[in-house]
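Be aware that the sequence shown starts at 0, since it is given in numbering that gives the first Met the number 0, and climbs by one per residue.
Be careful, since some hints might not be right.
DEER-style ranges, computed between Cβ atoms [said to hold, decoys possible]:
id, residue 1, residue 2, range
1, 146, 60, 19 to 29 Å
2, 16, 139, 26 to 36 Å
3, 23, 57, 24 to 34 Å
4, 22, 201, 18 to 28 Å
It should be emphasised that the hints constitute simulated quantities derived from the structure, not laboratory data.
Treat the numbers as computed from the prediction; the structure is a model and nothing was measured.
Even for Gly, the Cβ is constructed at its ideal location relative to N, Cα and C.
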Amino acid sequence: MRLIWTLQTFSWGDVPDVLVVALILFVASLIMRGPQATPLMRGTVVLVLVLGLLTTMLDWIAFRWLLNYVVTAVVVAIPVVFQPELRRALERVGRTGWSTMFGRAPAFSEEELVIEAICAAAARLSERRHGALIVLERNDCLDEFINTGVPLSAQVSPQLFLTVFWPKTELHDGAVIIRNDRVESAASVLPLSSGRNLTDRKLGTRHRAGLGISEVSDALCVIVSEETGRISVTNRGRMIRRLDSDRLRTILSAFYTGARTQAEAWPWMPVVSRVRKEVDRVRNSGPGNRAASM
């Protein structure tokens, strides 16, 4: 009855209220992206909606009293459950400042230094035939994999990469994960690829791990082969191989600096891009195209 009364008394003056709530939920969905946060966010929203509908539809006093306390407990638990994502969002706001909110793209000089450090280190590691696995975190949180390694919280530099991936060190057999232009961990364990994206079945564990992290997140991974010294990059489940320093720099600039600038200046653009790609995929797989391919 309360729900029906609310719908009957709804007026144009309530539209801004609904829009503000929708905007808050949309921003929260952008912040809480990640391999672990998305299912938790979805489950929390479903639980709150179901409890809210039961509270308004049922006229049971004791049950309503219990549901009110459950909803309160869920609201209190949200900051605890989503603590890594909330911390990452606050770090992003503090790093970008107010200029990003008004659409003025800042100069990411630190990220350019990161790109140069990775390119220089990859070239020297390639010459020495020292295997390397460098992961750049983007929007999806990688805490699950950072916690499997040795915490560093160090500044990015070619010397650090060369030291970590020296075959005699204890940290060389694993991945280095970079977050917010700093090396968060070394010797981190990454998930191996399921195999459907492997074009070469002879690829080793390092390449499978690089593909694996790109399949479960939007991270960018730089791989240096220990056997051949070749440099590869994985992203979104795809691998680009046989890169030199110039091509690696171009790819990192496009996928890392450009993607982060766009995502922070215009948070809704990644969603629009994904929707556009999905529409193009459905359109290209229409009956006419399938018949032509046959």
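That 24 to 34 Å hint for residue 23 and residue 57 (C-beta), does it hold up?
-> holds, 27 Å
Does 18 to 28 Å hold as the CB distance between residue 22 and residue 201, or does it fail?
-> violated, 50 Å
Range hint 26 to 36 Å (beta carbons of residue 16 and residue 139) holds or violated = Check passed, 32 Å falls within 26 to 36 Å.
Holds or violated: 19 to 29 Å for the Cβ distance of residue 146 and residue 60?
-> Once the Cβ atoms are compared, 45 Å apart, the range 19 to 29 Å for residue 60 and residue 146 is violated.
Hints 1 and 4 from the list above are not met by this structure, while the remaining hints are.
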